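> Using the sequences and the accompanying hints, generate a full structural model.
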Amino acid sequence: MESDEQLVQAANEGDAEAFESLYYRYRDWVYRLAFRFTRNREQALDVLQETFAYLLRKLPNLKLTASMTTFLYPVVKHVSITIGRKSRREKPIDEGLAELPSPAPEQAGASRAELAAVMGNLPEDQREIVLMRFVEDMSIDEIAAAIGIPAGTVKSRFYRALQTLRNDRRTRDYFLE
Amino acid sequence: MTENHEHLDGNFDLKVSDKLSADLKGLFEREVAIPAEVDRAILDGAGQRLVRHRRRRLLPWAIPTAAAAVIVFAVVLNTKPEPAKLDEGPSPLAPQRKAASKDVYSYSLAAMVSRGDVDLNGRVDILDAFKLARHIESGNSMNWKWDINGDGVVDRQDVDSVAFSAVSLDKGVL
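Residue numbers (the working numbering), protein chains in the order written: chain L, 5 to 181; chain S, 259 to 432.
Note that these hints are calculated values from the structure, not bench results.
None of these values were measured; they are calculated from a predicted model.
There's no promise every hint is true.
What the hints assert, rightly or not - Using C-beta positions, here's what the derived DEER-type ranges look like: (1) L/Thr157 x S/Ala326: 52 to 60 Å; (2) L/Tyr28 x S/Ala332: 45 to 53 Å; (3) S/Val328 x L/Arg45: 52 to 60 Å; (4) L/Lys90 x S/Val330: 52 to 60 Å; (5) S/Val328 x L/Pro64: 26 to 34 Å.
Here a beta-carbon is modelled for each residue, glycine too, at the ideal position from N, C-alpha and C.
In C-alpha cells:
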C-alpha cells in the first residue's frame with residue numbers, strides 16, 4: 005500500500021487515482037470529525053466536500069510535513085465552524101446541545117450517557133483534546149500541530165480534563181488507580 | 259491502543275483504561291453513510307482539475323522540448339555533407355557513383371577528405387602534403403587520421419599518399 009506521502013506526490017503530478025485513494029482513505033475520518041463539530045449530517049457532507057476541495061487547491065504544491073490527519077484536522081474544524089455559523093444565521097439552534105451527541109440509553113448504556121454528561125461539562129478546549137486523543141488516537145505532538153499550540157499546553161489541558169473525569173464519581177471507574 | 263495511556267503522559271499519574279476510549283468512540287463515532295453522489299461529485303471535480311494540472315505541468319516542457327528538437331534537426335541537416343560540392347569536377351571514382359547510392363557515396367568521400375585534410379580547410383591539396391611532412395619532421399604528436407594508407411604509422415608514405423591524392427584529383431578537391 006502506498007504511503008500518504010507517495011499518494012500526495014502522485015496527486016501533485018496530476019494522478020487522479022492517487023487523489024481518489026487519499027479520498028477513500030480519509031473520507032470517513034473527515035466525515036465523522038465534521039459530524040462531531042456540526043452535529044448535522046448535511047453540514048458534515050458539505051464539510052467533506054469543502055475539505056477535499058481545499059486539499060485539491062493545495063495541489064500541485066502540497067507537501068506533507070505531518071500526518072494527513074494533522075494536516076486535515078484544522079481544515080475540517082475551520083470549515084465546520086464556518087458552515088455552522090452560516091447555518092445558525094439562517095436557522096438558529098441551541099449551540100450547547102449541538103456540541104454533544106444525545107446517546108440513546110438503549111444503545112449506549114448508562115455509563116456512556118454519564119460519560120457524555122461529564123464530557124459536556126468540560127471546557128471546550130479540554131474536551132477537544134480528549135476527543136482528539138481518545139477518539140482520533142492522535143499523539144500529543146500531533147494534537148499540538150493540528151491545533152497550533154505548544155505540546156506543553158496540550159498536556160496541561162489534557163491533564164486537567166483527566167483530573168475532572170477522575171474526580172467525578174460518574175467517570176471515576178475509567179481510571180485504573 | 260495500549261491498555262492505558264500512561265506512556266503518552268509520562269508526567270501524569272493518571273492511568274486511563276481502554277474503556278474510556280472505547281466508550282468515547284461509541285459516543286462520537288457514528289455510522290458513516292456517504293451518498294455515492296457526493297463521492298462522485300468530489301472525485302469528478304478532482305479528476306477534471308487534475309487533468310488541467312497535468313496539462314499545465316507538461317506545457318512548460320513541451321515548448322522548449324519541441325524547440326530543442328527543431329534545433330537538433332536543423333543542426334543535423336546542416337552538418338550533413340553536401341553532395342553537390344563533392345560531385346564537382348571529374349573523378350576517377352565516377353563509375354562507382356552510378357553503382358552506389360548517392361548518400362553512401364557522399365559519406366565515403368567525406369571520410370577520405372577528412373583523412374587527408376591536414377589543415378582542415380575541407381580540401382585535400384598539395385598544401386596538406388607539405389603540412390603533414392612538416393609535422394612528421396618536427397616530431398609532434400600525430401593524428402590517426404593522417405595514417406592515409408592505413409599501415410598503422412604516420413610517415414613519409416602517408417605524405418606521398420596525400421600528395422598523390424592532391425595531384426590525381428582535379429585541383430585537389432575530392
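> Against this structure, judge whether each hint is valid.
Hint check results:
1. L/Thr157 x S/Ala326: 52 to 60 Å: With a Cβ separation near 56 Å, L/Thr157 and S/Ala326 satisfy 52 to 60 Å, so the hint holds.
2. L/Tyr28 x S/Ala332: 45 to 53 Å: For S/Ala332 against L/Tyr28, whose Cβ atoms are near 51 Å apart, the range 45 to 53 Å holds.
3. S/Val328 x L/Arg45: 52 to 60 Å: 59 Å, holds
4. L/Lys90 x S/Val330: 52 to 60 Å: Holds, since L/Lys90 and S/Val330 (Cβ atoms, about 58 Å apart) stay within the stated range.
5. S/Val328 x L/Pro64: 26 to 34 Å: Holds: the Cβ-Cβ distance is about 29 Å, inside 26 to 34 Å.
Violation of the numbered hints given earlier is absent; every hint is satisfied by the structure.
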